[in-house]
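Peer 1: With the hints as extra help, turn the sequences into a complete structure.
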Amino acid sequence: MNRDNDKGKLLLNRTFVFACFSVVLLLSLIGRLYYLQVVEGEKYKTLSDENRISTRVLIPPRGRVYDRNGELLAFNDQNFQALIIAEQTPDIDKTLESFKKLVPLTEKEEMKIRRDIKNNRRFVPVKLKENLSWDEVSLLQLYAPDLPGIVIDEGLNRVYPMGIYTAHFLGYVGAVNQAEMNDDPLLSVPGFKIGKSGLEKLWEKDLRGHSGNLKLEVNAYGRVMKEIEHENGIEGKAMHLTIDSRLQKVAQDAFGQESGGAVVLDVHSGEILAFVSVPSFDPNLFTTGISYKDWNDLLQNERKPMTNKVISEHYSPGSTFKVVVALAALEAGVIDENTRFGCSGVMSLGNHKFHCWKHSGHGPLNVVGALKNSCDIFFYEVALKLGINKIAEMARLLGFGSDFHLGFDNMQKGIVPDKEWKEKYLKSKWQQGETVIAGIGQGYVLVTPLQLVTMLSRVVNGGYAVVPQFTKLSLKEKSKIKKLPISDKNIEIVKKGMYEVVNGEGGTARRAYFNVNGAKMGGKTGTTQVRRISMKERQTGIIKDENLEWRLRNHALFIGYAPHDNPKYAVAVVVEHGSSGSGVAAPIASKILKTAVELGL
Amino acid sequence: MYESGFNKNLSLKEKFFGLNWGYILCIVILTAIGLLALYSAAGGSMTPWAKNQLIRFVVSFFLMLFLALVDVRVYLKYSYLAYFVVLLLLIAVEVFGHIGMGAQRWIDLKLFKLQPSELMKISMVLFLAKYFHSSTLGQIESIKGLIAPVLMALFPAALIVLQPDLGTALMLLFTTMVIFYCVGVQMWKFYVLGGGALVFAPIAWHFLHDYQKNRVLTFLNPERDPLGSGYHIIQSKIALGSGGVFGKGFLNGTQSHLNFLPEKHTDFIFTMLSEEFGLIGGTIVILLNLIILIYGYLFAYRITSYYGKLVVIGLNTNYFMYVFINIAMVLGLLPVVGIPLPLISYGGTVMLSVMASFGIILCMDINRNVNLGRQSFHDE
Chain X
45 MNRDNDKGKL LLNRTFVFAC FSVVLLLSLI GRLYYLQVVE GEKYKTLSDE
95 NRISTRVLIP PRGRVYDRNG ELLAFNDQNF QALIIAEQTP DIDKTLESFK
145 KLVPLTEKEE MKIRRDIKNN RRFVPVKLKE NLSWDEVSLL QLYAPDLPGI
195 VIDEGLNRVY PMGIYTAHFL GYVGAVNQAE MNDDPLLSVP GFKIGKSGLE
245 KLWEKDLRGH SGNLKLEVNA YGRVMKEIEH ENGIEGKAMH LTIDSRLQKV
295 AQDAFGQESG GAVVLDVHSG EILAFVSVPS FDPNLFTTGI SYKDWNDLLQ
345 NERKPMTNKV ISEHYSPGST FKVVVALAAL EAGVIDENTR FGCSGVMSLG
395 NHKFHCWKHS GHGPLNVVGA LKNSCDIFFY EVALKLGINK IAEMARLLGF
445 GSDFHLGFDN MQKGIVPDKE WKEKYLKSKW QQGETVIAGI GQGYVLVTPL
495 QLVTMLSRVV NGGYAVVPQF TKLSLKEKSK IKKLPISDKN IEIVKKGMYE
545 VVNGEGGTAR RAYFNVNGAK MGGKTGTTQV RRISMKERQT GIIKDENLEW
595 RLRNHALFIG YAPHDNPKYA VAVVVEHGSS GSGVAAPIAS KILKTAVELG
645 L
Chain E
5 MYESGFNKNL SLKEKFFGLN WGYILCIVIL TAIGLLALYS AAGGSMTPWA
55 KNQLIRFVVS FFLMLFLALV DVRVYLKYSY LAYFVVLLLL IAVEVFGHIG
105 MGAQRWIDLK LFKLQPSELM KISMVLFLAK YFHSSTLGQI ESIKGLIAPV
155 LMALFPAALI VLQPDLGTAL MLLFTTMVIF YCVGVQMWKF YVLGGGALVF
205 APIAWHFLHD YQKNRVLTFL NPERDPLGSG YHIIQSKIAL GSGGVFGKGF
255 LNGTQSHLNF LPEKHTDFIF TMLSEEFGLI GGTIVILLNL IILIYGYLFA
305 YRITSYYGKL VVIGLNTNYF MYVFINIAMV LGLLPVVGIP LPLISYGGTV
355 MLSVMASFGI ILCMDINRNV NLGRQSFHDE
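Protein sequences, first through last, are from chains X and E.
Sequence positions in the first sequence follow our numbering and run 45 to 645.
Sequence positions in the second sequence follow our numbering and run 5 to 384.
Honestly, the hints are just simulated from the structure, not real lab data.
By construction, the Cβ of each residue, glycine as well, lies at the ideal position given by its N, Cα and C atoms.
Among the hints, erroneous ones may be present.
[Claimed, not checked] DSBU-like mimics (lysine-lysine), calculated; alpha carbons at most 35 Å apart, straight line:
(1) X/K270 with X/K429
(2) E/K148 with X/K53
(3) E/K217 with X/K53
(4) X/K397 with X/K580
(5) X/K270 with E/K55
(6) X/K87 with E/K217
(7) X/K540 with X/K522
(8) X/K337 with X/K171
(9) X/K89 with E/K217
[Unchecked claim] Cβ-to-Cβ under 10 Å is the rule here; a few derived chain E residues that face chain X:
(10) V220
(11) P266
(12) T270
Peer 2: Here it is as structure tokens:
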């Protein structure tokens with residue numbers, strides 16, 4: 045019995061130890077609970093919210109673009125797409141059949157839809173068709189009872205009502221590519237589009253607006269349970285352009301089937317009134333997704349519809365450059381209004397012979413007569429007296445060689461050659477002959493139509509350094525435009541020459557003459573060779589332009605302004621392979637300026 | 005047959021009033037909390053879980069009362085027999101489990117699924133209690149006296165490991181060890197066992213199923229596989245932690261209702277409770293279980309017979325194992341081994357087995373003054 049007592053005591057002692065141990069263990073669980081729920085509670089609250097809250101970024105409407113008269117040039121249109129939610133239809137096949145009767149689907153589309161349905165969870169909406177027409181939407185709504193599980197979703201499409209007329213300065217929008225991704229969450233939203241070229245790209249920051257937020261509660265499988273927060277985005281800033289869509293349309297239509305560029309400025313402010321590059325393209329094609337064929341056609345076209353000829357192509361200015369040379373010579377004092385040079389049709393310099401376009405020669409001419417007749421010999425002589433650096437100095441003063449800080453990424457600066465330029469880029473010494481041909485805008489000098497019109501504006505506005513603008517200048521900004529160190533007297537002499545070109549008897553652009561209530565235009569023609577003429581061809585007779593294939597014909601240029609007495613508008617027209625500045629470019633410029641005067645912008 | 009030591013036979017009425025109603029109240033409150041949790045887990049619905057669980061509780065409750073009112077000597081008498089019957093059942097499901105379709109480890113009783121491994125937890129305690137009741141301290145402290153009980157514990161445990169149900173097998177072995185400890189097996193034997201376990205652990209690792217290995221590895225580092233095995237424990241900690249002090253409110257647990265929390269009505273029900281009722285709710289559940297545990301120890305203290313004491317200690321330990329392993333598991337303190345929280349988790353088998361245990365414990369307490377004497381091993 046003694047041993048039994050010991051046995052009982054031992055049981056009691058041991059059990060007491062274990063009981064204490066088990067109580068401590070259970071109490072330690074409360075400690076652990078306290079640690080997880082109080083000490084680390086906030087951390088887990090955040091994790092729990094991350095689990096259940098799914099935030100969707102809402103795309104804000106893109107800013108609208110208006111012309112100077114409040115005409116819409118770019119806006120956002122509702123875009124409807126049909127989606128199917130598999131779990132909401134009792135019979136997918138039947139629903140799809142009904143849908144196909146209302147909105148036809150190609151076999152390929154249907155295959156993709158069926159694949160998408162199979163690959164997604166049953167509550168995930170699958171796209172059936174996008175860009176539904178209004179008729180299709182109405183039909184689908186009418187037959188909604190036969191279409192269980194089909195929902196119509198609304199998005200926004202960028203629309204350019206003037207299409208081809210605005211393509212080259214507005215540009216277009218497109219899907220975001222990998223290189224354009226940054227930390228803006230909008231960029232990763234499927235279907236979001238950003239500016240790809242032109243002002244759409246340049247003003248992306250303003251036009252984009254600010255994204256909205258949709259906070260949804262989702263379960264572990266991603267199904268949406270309820271909406272927690274809905275914050276609409278802020279529409280992008282509306283932009284008002286200086287473009288006049290009426291003038292734009294006339295200007296672009298004036299080109300007919302030709303290829304080239306034209307740009308019209310308000311000479312006092314630099315505001316761009318029209319901006320034409322033809323042939324053009326329809327930017328709306330890019331919004332809905334351009335077909336492979338359409339894209340290929342655009343790229344293969346030898347007239348390069350995707351190239352912006354106003355800012356991205358540069359051309360030899362040809363005789364239009366004589367305005368710059370004349371002004372430089374007058375300013376430098378190497379000639380005055382009465383200085384005359386005799387033109388016999390040819391000038392010799394060393395072993396070289398330099399020809400005038402008129403083989404028989406013009407006889408003695410002063411600067412006004414030389415501009416009127418576009419005499420080459422006069423400007424050869426002037427250029428020689430002046431030297432290349434003086435010419436380059438004036439050219440830069442008038443805006444050549446500059447991109448005006450417009451910010452487009454596809455802008456050409458052109459070339460204003462001088463001695464330093466040649467040594468730096470071509471590693472050789474400047475030749476006198478090069479000065480001679482620079483006098484008539486040939487050789488190394490290259491300009492864009494935008495630079496041409498800026499140059500002309502700076503001359504005819506009395507020497508104010510205007511810069512091309514797409515948005516209106518405030519009065520304060522206008523008053524800040526710098527006066528260039530060019531005398532009014534010399535400007536008047538050059539203007540007189542340009543007046544004679546159009547209005548004078550025998551002027552090279554006499555055919556482009558107009559008179560709207562006394563408003564007449566002045567200007568300067570230019571025709572530039574794009575091919576080399578060999579000595580042999582020169583001896584046997586130069587092939588006439590119309591007998592050459594298109595891409596070898598001369599470029600036709602014209603710069604013009606109106607009204608002559610009180611200049612307001614300046615235009616530069618380049619017709620690629622248009623053969624003749626006076627015959628092809630001048631009439632286009634005339635039509636544009638006449639319209640501008642008539643519109644009285 | 006029995007030594008004439010006991011004082012009197014208790015009448016049924018005396019027994020009924022001898023039931024410890026405070027103990028029973030704790031059981032009822034815990035079950036009620038469980039029903040609330042199951043109602044919430046179903047998104048605010050009695051079906052499919054809460055209603056079934058309620059029916060099972062009522063049935064089990066009567067079973068508990070029945071077992072509490074049975075003559076205490078019956079337990080002592082049939083302790084060995086019960087063990088062997090359950091062992092046969094265990095072997096039977098093992099055999100039929102292999103022959104039959106898939107690996108079915110239970111006998112279907114419609115309302116309950118009878119798992120012999122659950123019954124074994126109880127009958128093992130009864131077996132050991134009777135064995136040590138009959139042993140002298142000398143026998144307990146001798147090696148020879150331990151051979152039989154060790155084999156009797158290892159054999160069913162091995163069968164259960166083969167099922168494979170590592171969690172239940174380990175629970176069975178732990179309970180056995182606690183009983184060995186309480187009856188007075190010398191400490192050095194435990195040290196030898198512990199040393200042996202350390203040596204053989206790498207070998208045993210070899211024999212674990214891949215999913216069992218994964219569970220252990222994932223326990224050691226849940227972020228190892230956040231979408232696979234680690235998902236459960238990570239989501240459980242998020243649910244618990246985000247509950248804070250006061251919880252997200254009844255029916256408002258986002259982790260559970262949005263299905264981020266797996267097994268929310270079974271193994272992870274404590275997590276759901278703590279998400280919705282916070283630290284306060286979780287603490288109440290733990291404290292109620294603690295009270296049940298302490299009641300058990302008090303019963304063991306005041307019961308006069310060695311057999312009764314040991315039965316209560318064993319069954320109490322069993323219950324403690326359930327509660328501790330389950331909660332420690334969802335709190336990320338133990339590997340996920342698939343042990344439910346008794347009275348609260350949905351499931352008939354465990355409900356039946358713990359209510360039966362409570363019945364037996366209550367019976368031992370009612371008859372705390374009945375002298376069962378000390379039987380020698382060969383008496384039966």
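Peer 1: Hints first: check each against the structure and report whether it holds.
Peer 2: Evaluated hints:
{"no.": "1", "hint": "X/K270 with X/K429", "result": "83 Å, violated"}
{"no.": "2", "hint": "E/K148 with X/K53", "result": "22 Å, holds"}
{"no.": "3", "hint": "E/K217 with X/K53", "result": "42 Å, violated"}
{"no.": "4", "hint": "X/K397 with X/K580", "result": "15 Å, holds"}
{"no.": "5", "hint": "X/K270 with E/K55", "result": "29 Å, holds"}
{"no.": "6", "hint": "X/K87 with E/K217", "result": "30 Å, holds"}
{"no.": "7", "hint": "X/K540 with X/K522", "result": "26 Å, holds"}
{"no.": "8", "hint": "X/K337 with X/K171", "result": "24 Å, holds"}
{"no.": "9", "hint": "X/K89 with E/K217", "result": "31 Å, holds"}
{"no.": "10", "hint": "V220", "result": "20 Å, violated"}
{"no.": "11", "hint": "P266", "result": "9 Å, holds"}
{"no.": "12", "hint": "T270", "result": "17 Å, violated"}
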